[in-house]
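These protein sequences, in sequence, are chains W and H. Read left to right, the first sequence gives residues 1 to 206 (our numbering). Read left to right, the second sequence gives residues 1 to 274 (our numbering).
Mixed in with the good hints, there may be bad ones.
What the hints assert, rightly or not - Non-contacting residues of chain H with respect to chain W, defined by C-beta distances greater than 12 angstroms in every case (computed):
1) Glu88
2) Asp97
3) Gly115
4) Gly168
5) Ala203
6) Glu207
7) Arg231
As the list claims (entries may be wrong) - With a cut-off of at most 25 angstroms between alpha-carbon atoms, the simulated SDA-like pairs for lysine to any residue come out as follows:
8) H:Lys72 / H:Asp42
9) H:Lys117 / H:Tyr92
10) H:Lys134 / W:Thr42
11) H:Lys158 / W:Asp33
12) H:Lys273 / H:Glu88
13) H:Lys128 / W:Phe40
14) H:Lys192 / W:Ser104
15) W:Lys38 / H:Ala159
16) H:Lys123 / W:Lys183
17) W:Lys100 / W:Asn182
18) W:Lys38 / H:Glu163
19) H:Lys160 / W:Ala27
20) W:Lys58 / H:Lys204
21) H:Lys192 / W:Gly120
22) H:Lys60 / H:Glu163
23) W:Lys58 / W:Ala72
24) W:Lys206 / H:Ile194
25) W:Lys38 / H:Lys72
26) H:Lys192 / W:Arg109
27) H:Lys243 / W:Lys100
28) H:Lys112 / H:Gly76
29) H:Lys204 / W:Ile24
30) W:Lys38 / H:His187
31) H:Lys134 / H:Gly76
32) H:Lys192 / H:Asp234
33) H:Lys60 / H:Leu121
34) W:Lys77 / W:Lys183
35) W:Lys69 / W:Leu91
Stated by the list, open to error - Some chain W residues well away from chain H (every beta-carbon gap over 10 angstroms; in silico):
36) Ile83
37) Tyr85
38) Leu91
39) Ala125
40) Gly153
Since the hints were derived computationally from the structure, they do not count as laboratory data. Don't be surprised by glycine CBs; every beta carbon is placed ideally from N, CA and C.
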Amino acid sequence: MRKISISIAAVLLACATPSFAQPISNADAARGDAAIPKAFPTAPADWHSRFVQDETMKQCSVYENAPPKAVAEAIQKREKATIQYPPDGNLMGDWKSGEKIAQSGYGLRFTDYPPRSASGGNCYACHQLTKAEVSYGTVGPSLLNYGKIRKFGAAETKAAYEKIYNAQAAFPCSNMPRLGTNKVLTIDQIKDLVALVMSPDSPVNK
Amino acid sequence: MKNRLLILIATCVAIFAATSIARAQDETEKAVEKYRQMLKQDPWSNPGLLDSDRGESLWKTPAGPNKVSLEKCDLGKGPGVVDGVFAELPRYFADADRVMDLETRLMWCMEKLQGAKHADLVKDPYPKGGQPVKDLGAIATYVANKSSGMKFAAKLDKAKEKEVVALGHAIFFRRQGTHDFSCATCHNDAGKRIRLQGLPYLAKPEEAKQVVGQWPAYRVSTVQVMTMQHRLLDCYWQMRMPKLEMGSDVSVALVAYLVKNAEGGEISAPGLKR
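Using the sequences and the hints given, assemble the complete structure.
Here is the structure:
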């Protein structure tokens, strides 16, 4: 019966979105959901939440990160609603501290417990940021001269804060972690990263 | 206009810088490729073969509570057959009623033939950095090496096998954990890097064919042979997930998905990795 209802749902979905075939069936995704918790039997209880997908993760997974327009818009709206801003409205912190956060990939791996320092953002793993750091990844776009290109504008500063806090509010199903929403980084750390990309003094813009 | 020009110049500088680094990366990759060619001409210079040799003697040595060797282990082509079996794994095994990759099947044989306990086998199966690959991994290296030079030809056409490949596909794209990572975050695009490390596009057969057959591989950075199951645990560690159990349905499904993508690709195990 359950199988039948799943296939009816799949047929309905296929009819509703004729131009966007869902590459991964809901049935296969459900088997993945069931298999994942069993594959990590030694996980401590407070890690079990890492097995569970929220709606955005589910949608990005079954569409292989290329969701149809309506799904993309729903994700964007939902993720935008999660963004919290600094109470005083000041979005820029200290770029020097931001550079350290951008360099560090520490945090939240099973070898990182008990925590020995604050988690990093690991920005350089995927982005070019400064000319000085030549060991950078290319999964994300280069952010060299990010603020300069945007004329250090206030609206651009706010957009940068929002992208770091939750990249999917700007780019649904982006590969980038939702660093603020998922509490990987604190609001203060995100402010430091905003300063790294948006401050005229930052080596990103030199 | 002036700004546009500046942007253009900045972009050109950025592209130039990126290309020169990419070129340096290419040079490194070329050097490693040259080393791989040298290893082909003189296979005995590959340190991973010491583990393969150790694996061969372990395969033939009585062990476990039952004090028998693994020589009656059926890896898919009949009890004791080692030559060419790795090229046709993973596959469905009727006796276990399960699709199994090489390491999972070896574990099964250690349990059923030698009397080892499953809990002991999965407890701490991989070496720490700098330590040699553990016994099961050494045996896996030996068995894989006995298919070196052959092409991946796992059929994966039975209903249960297709189901496992489809599960592997779903898991490859499944985003989870604190960072929303999936395998696809790093391995679903061509020509990308993490820091300076190139990333294979594993969802694409052309690239999967080139790299999947190199595992188990001797990893220069950790001075040891690393098996495919160990490699997957390492990926999930980076993905901020807990310890992936050796032989779990998730790891078997991912191996099956990768091998399916690599169908027709040459096996050159143990390979050599950075």
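Results for each hint:
| no. | hint | verdict |
| --- | --- | --- |
| 1 | Glu88 | holds, 24 angstroms |
| 2 | Asp97 | holds, 16 angstroms |
| 3 | Gly115 | holds, 22 angstroms |
| 4 | Gly168 | violated, 9 angstroms |
| 5 | Ala203 | violated, 8 angstroms |
| 6 | Glu207 | holds, 15 angstroms |
| 7 | Arg231 | holds, 15 angstroms |
| 8 | H:Lys72 / H:Asp42 | violated, 32 angstroms |
| 9 | H:Lys117 / H:Tyr92 | holds, 22 angstroms |
| 10 | H:Lys134 / W:Thr42 | holds, 20 angstroms |
| 11 | H:Lys158 / W:Asp33 | holds, 23 angstroms |
| 12 | H:Lys273 / H:Glu88 | holds, 23 angstroms |
| 13 | H:Lys128 / W:Phe40 | holds, 19 angstroms |
| 14 | H:Lys192 / W:Ser104 | holds, 20 angstroms |
| 15 | W:Lys38 / H:Ala159 | holds, 22 angstroms |
| 16 | H:Lys123 / W:Lys183 | violated, 31 angstroms |
| 17 | W:Lys100 / W:Asn182 | holds, 20 angstroms |
| 18 | W:Lys38 / H:Glu163 | holds, 18 angstroms |
| 19 | H:Lys160 / W:Ala27 | holds, 15 angstroms |
| 20 | W:Lys58 / H:Lys204 | holds, 22 angstroms |
| 21 | H:Lys192 / W:Gly120 | holds, 22 angstroms |
| 22 | H:Lys60 / H:Glu163 | violated, 34 angstroms |
| 23 | W:Lys58 / W:Ala72 | holds, 12 angstroms |
| 24 | W:Lys206 / H:Ile194 | holds, 24 angstroms |
| 25 | W:Lys38 / H:Lys72 | violated, 30 angstroms |
| 26 | H:Lys192 / W:Arg109 | holds, 23 angstroms |
| 27 | H:Lys243 / W:Lys100 | violated, 28 angstroms |
| 28 | H:Lys112 / H:Gly76 | holds, 15 angstroms |
| 29 | H:Lys204 / W:Ile24 | holds, 16 angstroms |
| 30 | W:Lys38 / H:His187 | holds, 24 angstroms |
| 31 | H:Lys134 / H:Gly76 | holds, 23 angstroms |
| 32 | H:Lys192 / H:Asp234 | holds, 19 angstroms |
| 33 | H:Lys60 / H:Leu121 | holds, 19 angstroms |
| 34 | W:Lys77 / W:Lys183 | holds, 19 angstroms |
| 35 | W:Lys69 / W:Leu91 | violated, 31 angstroms |
| 36 | Ile83 | holds, 16 angstroms |
| 37 | Tyr85 | holds, 21 angstroms |
| 38 | Leu91 | holds, 23 angstroms |
| 39 | Ala125 | violated, 5 angstroms |
| 40 | Gly153 | holds, 13 angstroms |
Of the hints listed earlier, those the structure fails to meet are numbers 4, 5, 8, 16, 22, 25, 27, 35 and 39, in rising order.
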